[in-house]
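**Q** Residues per chain, in single letters:
Protein chains: 2
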Amino acid sequence: MSELVLFTYDWVPDAPRGFVRDLRVRWALEEAGLPYRVESVSFAERSAEHFAHQPFGQVPWLQDRDVSIFESGAILLHLGAMSPALMPEDPAGRARVTQWVFAALNSVEMASLPLMIFRFSGDTTETPGRKGLEKFLDGRLSRMETALAGREWIAGDFSIADILMSDVLRSVERAGGLGEYPVCRAYVERATARPAFVKAYDDQIAHFAAADG
Amino acid sequence: MSELVLFTYDWVPDAPRGFVRDLRVRWALEEAGLPYRVESVSFAERSAEHFAHQPFGQVPWLQDRDVSIFESGAILLHLGAMSPALMPEDPAGRARVTQWVFAALNSVEMASLPLMIFRFSGDTTETPGRKGLEKFLDGRLSRMETALAGREWIAGDFSIADILMSDVLRSVERAGGLGEYPVCRAYVERATARPAFVKAYDDQIAHFAAADG
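So the protein sequences, as listed, match chains A and B. Just so it is clear: in the first sequence, position 141 is 141 by this note's numbering, and no numbers are missing. Just so it is clear: in the second sequence, position 128 is 128 by this note's numbering, and no numbers are missing.
Keep in mind that the hints were calculated from the coordinates and are not lab data. Misleading hints may appear alongside valid ones.
Any copy will do: because identical chains look the same in the list, a pair fits if it lies in one copy or spans two.
Derived pair list, reagent style SDA-like, types lysine to any residue, alpha-carbon separation capped at 20 Å [to be verified]: (1) Lys135 - Leu34; (2) Lys135 - Ala209; (3) Lys131 - Leu141; (4) Lys135 - Pro55.
Can you build the whole structure from these sequences, using the hints too?
**A** Pasting the structure below:
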């Protein structure tokens with residue numbers, strides 16, 4: 001019996017399918033070949049139990065025996081310690097991966113996700129604020145274009161840092177934002193061609209489709 | 001001789017003083033009583049050496065013998081493993097702290113920092129995009145107000161999660177954004193009253209003031 005349980009929504013609208021963050025955890029579990037099962041919680045009504053495990057009412061969270069963890073970055077570090085396919089075992093290698101885990105979330109996604117929220121608001125006004133946000137993201141993407149040049153993966157061998165960084169850049173690409181960043185685009189292509197990503201993606205699509213009835 | 005070296009800018013303008021992220025690292029080092037020294041890199045001109053250690057051209061980074069680490073979250077996890085004053089030693093306690101480390105950066109700061117960039121652009125237009133960003137931050141602060149209710153610290157005893165969460169909320173407060181969140185405000189007050197914060201803050205102010213000549 002598997003003791004790793006991944007919690008995600010029972011259903012989501014079409015737009016976020018293939019991009020719900022449980023995908024990052026599925027992908028890591030598939031890369032490591034760790035057995036797990038998926039359980040669903042209501043998207044329509046967030047229960048007190050849900051908030052007890054994920055204080056922002058989001059998904060995913062992971063249950064590993066008596067330990068419950070939320071935040072995809074924290075879950076991936078937890079899984080990383082369980083498999084050298086996800087994170088090196090030497091301290092220098094771990095530090096290298098950990099810094100890029102945070103960079104994906106706190107330096108790149110911090111610039112991309114709010115801009116998407118801004119755009120999804122249906123706002124088309126060219127204001128100084130919007131330009132400030134776009135400059136913020138462009139600055140980060142330019143630096144990633146340099147950081148990834150000549151590298152297959154961002155922190156040595158493939159690791160959880162690549163799962164997070166390529167997933168963040170994949171969202172930017174979907175919004176049409178990687179046009180000027182061919183190195184980032186090729187990196188996303190390389191990462192999403194991995195069998196573990198394809199399995200994770202297909203499984204998430206099937207999971208939400210099953211709820212359509 | 002200390003082997004921990006914290007790298008920060010030699011100088012910054014007045015506005016960010018007291019808020020440059022090396023403060024998070026200084027604070028953790030002071031809490032743990034770990035010896036360290038501070039080295040400066042040019043703010044005016046970012047060298048190739050700077051980008052080699054911090055690919056986004058920012059600060060801080062930490063040198064621990066042959067390991068160099070950037071991203072304040074990654075640095076604090078590294079230091080956390082060196083002292084029980086910063087992070088519990090049992091796996092469940094570590095998971096609890098780690099998830100809140102990521103929550104501070106990827107759930108709360110992700111909502112606050114871009115909104116500040118937006119506001120600092122001098123934008124006063126009430127557009128749907130701006131409202132979307134403000135709703136995003138308000139949603140996160142409301143959840144923090146609930147999560148912190150009845151708790152002294154966010155993940156058990158005081159830990160690196162509190163250093164990051166209170167520092168993120170301190171920036172929101174500075175922008176006048178905690179008016180409706182008395183629990184968050186009291187938490188920031190409690191955290192910043194700690195002697196280690198006061199020392200770290202004073203040291204950062206003195207460091208940049210020294211460069212004024």
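**Q** Measure nothing new, just compare the shortest in-copy and cross-copy C-alpha distances for Lys135 and Ala209 to 20 Å and report within, between, both or neither.
**A** neither (37 Å within a copy, 30 Å between copies)
**Q** Is the C-alpha distance from Lys135 to Leu34 at most 20 Å within one copy, between copies, in both cases, or in neither?
**A** So Lys135 and Leu34 fail the 20 Å test inside a copy (40 Å) and across (38 Å) alike.
**Q** Reference check for the pair Lys135 and Pro55, CA-CA at most 20 Å: within, between, both, or neither?
**A** between (32 Å within a copy, 17 Å between copies)
**Q** With identical chains, the pair Lys131 and Leu141 could be close in the same copy or across copies; at 20 Å between alpha carbons, which is it: within, between, both, or neither?
**A** Answer is within; shortest intra-copy Cα gap is 15 Å, inter-copy 25 Å.
The structure does not agree with the numbered hints 1 and 2 stated previously, though it agrees with the rest.
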